[in-house]
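Please construct the entire structure, taking both the sequences and the accompanying hints into account.
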Amino acid sequence: MFKPTNNTQVAVLVDDVVKQFNVAAVPVWRKLIRRSHQAAENGNSTELKARRGKEVITAVDHVTFNVQQNEIFGVLGPNGSGKSTLIRLLSTLLLPDQGRIEVFGLDIEKNDMQVKRLINRVSVDAAFFKKLSPKENLLYGARLYGVSGPEANRKAKEILKRLGLRESSYTSPMEDMSRGMQQKVAIARAFLSQPIVLLLDEPTTGLDPRSKLEVQAFINELRDTHNATILITTHDMNEADAICDRIAILDEGKIVALDTPDGLKKLVSHNGQTPSLEEVFMQLTGKELVEKDDLTDFVPEKVLA
Amino acid sequence: MIKGLQLEFRQSYAFIARNFNLVKRYWGWEVVWLAYSIANALSVTFIGAGAGEITGQTDIDTDFLITYLLIGTLVWRFLASIFNNISEMIAWERWEGTIEYTFMAPVRRFNQMLGQTVFAIIYSLIFTVIIGAVVASFFELDFSEADLVSATLILLVGSLSFVGIGVVASILPLLYPERGAQMTNIVQAFFLLVSGIYYPISVLPKWLQVLARFSPATYVLEGMRAALLPGTVDKELTSFVWPLLLMGLVMLPLGIYLFQRAERYTKRTGKLKRSG
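Residue numbers (the numbering used here), protein chains in the order written: chain R, 1 to 305; chain P, 1001 to 1276.
Certain hints may be false.
Claimed, not checked - Each pair of labels, with its calculated beta carbon distance range: (1) P/L1258 with R/N66: 30 to 38 Å; (2) P/L1156 with R/V23: 30 to 38 Å; (3) R/H226 with P/I1186: 45 to 53 Å; (4) R/E151 with P/R1213: 48 to 56 Å.
Unchecked claim - Straight-line distance between alpha carbons at most 16 Å, and here's what the computed EDC-like set of lysine to aspartate or glutamate pairs gives: (5) P/K1273 with P/E1100; (6) R/K266 with R/E278; (7) R/K130 with R/D176; (8) R/K130 with P/E1096; (9) P/K1271 with P/E1178; (10) R/K110 with R/D97; (11) R/K135 with R/E151; (12) P/K1273 with R/D125; (13) P/K1271 with R/D97; (14) P/K1235 with P/E1096; (15) R/K212 with R/D241; (16) P/K1273 with P/E1178; (17) R/K131 with P/E1096; (18) R/K131 with R/E175; (19) R/K131 with P/D1147; (20) R/K254 with R/D16; (21) R/K110 with P/E1263; (22) P/K1273 with P/E1263.
For the record, the hints were derived by calculation from the structure and aren't laboratory data. Every residue gets a Cβ at the ideal spot worked out from N, C-alpha and C, and that includes glycine.
This is how it looks when you write it as structure tokens:
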């Protein structure tokens, strides 16, 4: 297995990455109906139809950043800003249309199998075979990463105990567990393969405050004791503030700010008052979104141009 | 080297163990499906038992007809079960929502297919033996002159090419998240029609007879009938094995190659994410 050589290494490199998707084109008859309908409401709104009928959306737009080994790197952004697409690109589940992504110097396209051995991911939706028990799901997941059954069984019990899962739940079907409990099993599954780069896509969504803290402590522990690098997306500003070394704010597929939590706060501070990370987020994304929405919803495009 | 092999073995075993766990957890469905399959096999073989009464002829060898239909039923049940298990592996994962996790793991598709194939063959064999035993208990059939070893060999060799076809068919749910699983049934229907499951292919229109020669099930059925009903087919058993081996050698690597291409396409277009 690949071993990083020193602590100042770049763990994840994202260089000018673009990812676009084709979306279903609006049929001509629907365009015509919409056009006549909207023309009746607003004579100047015909310029909007071309935007709505376009076939390509850009989910990640020329994104560049790197994550140092042993760093906890946060990605914040409103819904639909491209956070999950970015995580999927890093997970080798999507291929970039442009740019390059490297994990410890290994290109995710050319060396995908080596990269896969180094990473693991926890997604917002705990994806499991719901009829199977945590034990059966975890053993399946661990074997895919080459961990033996007995070793996986022992480690899984340790991790789940640490995350506060009852022992009796270990052999019951996942469908009988709460969403929060399922999420804890998902976290245990990712930790079982001992990844040196862990991708966490809103891992604490749906967890109660106590469970959130347990998971956050576990993430910190993983970084400190296993030298892991962690890239996390979250909507929880307090969580981001508490555990992230640096944070990138993503909006409409673009990075609008990247700094330490304190650095971001300084960026938008007024009158010497330190804003919360939530205020920073609203300042950098919400306000801008409102402005853009205002423009695109009420002003014809030819006026904008 | 040994460590590498151990890793590959564990990965393939992961799929075998997972699938048997799913069978265990969905045992109710297995019982239903088994009962349906037995009823289906019986209803087909009773056509043989009733052939005399249906046609009004008294000189029909009903035992032969029952055995003929039973072989067709069991072979089709076996091959269809393998095909379903392979072709639906993606549909299952989409349904459960685990497809991204499986595709993100450092597993070569060959290891995944190997695990899935071993499971499919063991599962289908157990299923077919149970159906065969139950149906045979309804009739007094004489298999004293049957060549069971050759029949098993032909069945196993034939199953390889069906695995290959299943792998190709499994691309459909990968490319078409909503309709892909249903589309695999069309592939299966084609083989059901042209392979001579319940009738000799000579009764088919000429153009369908040509297509029948491209179906591995045709050779499996002819080979099985030659082994289990001696004297009915005037050919050496090896003449059925060679086409099957050739089809297996072509279809297996071709299936994996096409699957890898399709996987790359889905990663390009973002179709893995869809769960519908």
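Hint check results:
Checked against the hint of 30 to 38 Å, the C-beta distance between P/L1258 and R/N66 comes to roughly 37 Å, which is consistent with it. The supplied range of 30 to 38 Å is broken by P/L1156 and R/V23, whose beta-carbon atoms lie about 47 Å from each other. Between R/H226 and P/I1186 the C-beta distance comes to about 49 Å, which sits within the given range of 45 to 53 Å. Checked against the given bound of 48 to 56 Å, the beta carbons of R/E151 and P/R1213, roughly 51 Å apart, stay inside it.
The suggested pairing of P/K1273 with P/E1100 holds, with an alpha-carbon distance near 7 Å, which does not exceed 16 Å. At roughly 13 Å between alpha-carbon atoms, R/K266 and R/E278 fall within 16 Å of each other, so this suggested pair holds. Only pairs whose Cα atoms come within 16 Å are accepted, and R/K130 paired with R/D176 is accepted, the gap being roughly 8 Å. With a C-alpha separation of about 7 Å, the suggested pairing of R/K130 with P/E1096 holds against the 16 Å cut-off.
A hinted pair counts as satisfied when its Cα atoms are at most 16 Å apart, and P/K1271 with P/E1178 qualifies at roughly 11 Å. For the proposed pair R/K110 and R/D97, the alpha carbon gap of about 14 Å is at most 16 Å, so the pair holds. Distance restraint check for R/K135 and R/E151: the Cα-Cα separation of roughly 12 Å lies within the 16 Å cut-off, and the hinted pair is therefore satisfied. Only pairs whose Cα atoms come within 16 Å are accepted, and P/K1273 paired with R/D125 is accepted, the gap being roughly 12 Å.
At most 16 Å may separate the alpha-carbon atoms for a hinted pair to count; P/K1271 and R/D97 meet this at roughly 15 Å. Restraint check for P/K1235 and P/E1096: the C-alpha separation of about 47 Å exceeds 16 Å, so the hint is violated. This hinted pair checks out: R/K212 and R/D241 have alpha carbons roughly 14 Å apart, not beyond 16 Å. The hinted pair formed by P/K1273 and P/E1178 meets the criterion: a straight-line CA distance of about 12 Å does not exceed 16 Å.
Taking the CA atoms of R/K131 and P/E1096, the gap is about 9 Å. The hint holds against a cut of 16 Å. Taking the CA atoms of R/K131 and R/E175, the gap is about 6 Å. The hint holds against a cut of 16 Å. Taking the CA atoms of R/K131 and P/D1147, the gap is near 42 Å; set against the 16 Å cutoff, the hint is violated. For the suggested pair R/K254 and R/D16, the alpha carbons sit about 10 Å apart, so the restraint of at most 16 Å is met.
Proposed proximity of R/K110 and P/E1263 is supported: the alpha carbons are some 15 Å apart, at most 16 Å. Using a Cα cut-off of 16 Å, the hinted pair P/K1273 and P/E1263 holds, with the two alpha carbons roughly 12 Å apart.
Of the hints listed earlier, those the structure fails to meet are numbers 2, 14, 19, in rising order.
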